[in-house]
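Hey, can you work out the whole structure from these sequences and the hints?
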Amino acid sequence: MSGLIVRGVEVRVGDRALVSDAAFTTRAGQVTALIGPNGAGKTTLLAALLGLRRLTAGTVEFDGRDFAALPFAERAKLCAYVEQDAGTPERLTVRDVVALGRIPFQSTWRTTLPADDETIVAGALEALNLMNFANRLYHTLSGGEQQRVQMARALAQEPQLLLLDEPTSHLDIEAQLLALDLLQDRARAGCTVLLAMHDLNLAARYADHLVVMKVGRVVAEGPPAEVLTEKLLLDVYGVHATILTAPGSEVPVVIYDRAQSGRRLAKSG
Amino acid sequence: MSWPARTIAYLALWALLLASVTIAVTLGPAGISAGDAWGTIFHHLGLRADPPLSPLRDAIVWELRLPRVVAALGVGAGLALAGTVMQVMTRNPLADPYLLGLSSGAALGAVIFLLMGAALLMPLGAFLGSLGALALALLVAALLGGATPSRAILAGICIAALASAATSLLIFWSATGDSYREILNWLLGSLSGTVWSDAALVVVALIVCAPVILLSGRGLDAFAFGEASAASLGIDVARLRWTLLAATALLTGVMVAVGGAIGFVGLVVPHAVRLAVGSRHRVLLPASMLVGAIFMLWSDTVARSLFDPRELPVGIVTALVGAPAFLLILLRYRRIT
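Protein sequences, first through last, are from chains A and B.
Count the first sequence with the numbering used here and you get residues 28 to 296, in order.
Count the second sequence with the numbering used here and you get residues 9 to 345, in order.
Source of the hints: derived by calculation from the structure; they are not laboratory data.
EDC-like cross-link-like pairs, simulated, lysine to aspartate or glutamate; straight-line CA separation at most 20 Å:
1) A:Lys104 - B:Glu235
2) A:Lys104 - A:Asp93
3) A:Lys104 - B:Asp244
4) A:Lys241 - A:Glu37
5) A:Lys104 - A:Asp143
6) A:Lys241 - A:Glu257
What follows is a set of in silico ranges between Cβ atoms, one per label pair, in the way DEER data are often shown:
7) A:Thr272 - B:Ala13: 56 to 66 Å
8) B:Leu152 - A:Asp42: 10 to 20 Å
9) A:Thr115 - B:Ala13: 25 to 35 Å
10) B:Ala17 - A:Asp42: 47 to 57 Å
11) B:Cys166 - A:Thr115: 25 to 35 Å
12) B:Arg340 - A:Gly150: 30 to 40 Å
13) A:Gln287 - B:Thr251: 46 to 56 Å
14) A:Pro98 - B:Gly201: 48 to 58 Å
15) A:Glu257 - B:Leu339: 51 to 61 Å
16) B:Leu339 - A:Gly35: 55 to 65 Å
17) A:Gln133 - B:Ala23: 22 to 32 Å
All C-beta atoms in this analysis are idealised placements derived from N, C-alpha and C, irrespective of residue type, glycine included.
What follows is the structure, given as structure tokens:
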């Protein structure tokens, strides 16, 4: 089966396990959303999949290959990553940033972009509606615009596996929907998409598959309609909620009622 | 910048470099024409049979001025290159080649050798001092829990302060008038008295280190958004970081040993060039090298001829030009933002 298969993954720093015994499967052609409260280990897990953190146990398989054992250069030809908070380097235009996505395919020697790469970069700019921004300096853009540029960079990498860490956190509602539409299209075109996100309603609306994490462990996975239950929200997030179904579809809608009693933040003063 | 514009800019820089060399070699108390100066150089390179100048004037060009010109070019190119790399690796626009305590360590090493009466071995002392300081900074960073860029900077600041204090203590304790002057000259940076062996050292360091850095342009580009994004773009971050650190440390160590702690070149030149050509390193690195070389050559030429026959330490010139230039660059950045 093509897709990403994670088995028994553990990431340890010293004697603290940030991720333990994580196992789940994402299929090519599907959007998988990684959800869970802050500190659940979502970012760490993504970093481990990228090889940024060493796996202390477990295996990661992509399209039948041992993904964790691939050298960085090989992995980058398959997989692109959009960080949660990328820095803001100075003196790079939007086009320059998007063109970074072609780095895995370029030789050490070239100083100009090959013509094919120009086309790919232009396509990625267009996909995120950034043509008018191409010559703007990246550091002068708003947070949401920068996030779109980061996604365009990832698309320019023409990945078969897209890992994204809260790619829509700075976007307005319209831009969020557009970005998620785009990811869904990529998935339908055969890409494996795994994204960490906080908005459960958007996750339910766009993801084919949910993976739920809590304190470093995967506690549930499956289609949104099965996974998102009132009990799960209380167990994982400590939130009382009502789950409805969107009219004319199977998509669950979460109405948040209140935080679990006794866990109110201390009032100041 | 598109490629025709870039090619023209490169050619212009090379032309400027040659013109600067010509002026630097001919400028001085002994009036020597540009033709005779190049004739002498060609003669010594075996491209011309008979020397155009008398032995004395020949020696002024070949033994006195040219080694110094070559050293200035090399030191400028090396410092600009090292500064560019440090700014990317630490993601700190204020980084310069001396960030990890290299110059303070070098000063301490040089002063120790000088006070031990081994003035001739000062460059060796400086080299050992700079590498010692770097090793110590990295060791401290590792003890703090891993040699990440920010920890290395903090450790470097600490080591630099300690080395400076030790240097001041030594000078205060034991330097006499003459050695004091010599130490001050060295601390401010100076290329006076440069001989061919110094120039050769600089050139060899560049030949060894510059290709390593120039060929890392792709990796440095990928570093724009930090380590995670570099790794996701296929860069072996740990290997790249250590390779570049070793190359810049070696380069800076040699430059400091030959020219003393010349400030501002490694800080200002990369910024100025970035403003002109953008942040793509496969363009930025070679351009910085060229501009650094030209800037340093002019600084040294001004330093030795402005108050002729008295010489200024070249570090004063680079600071006098560099500090306002840095300010202008900052203002320009602000306007763009």
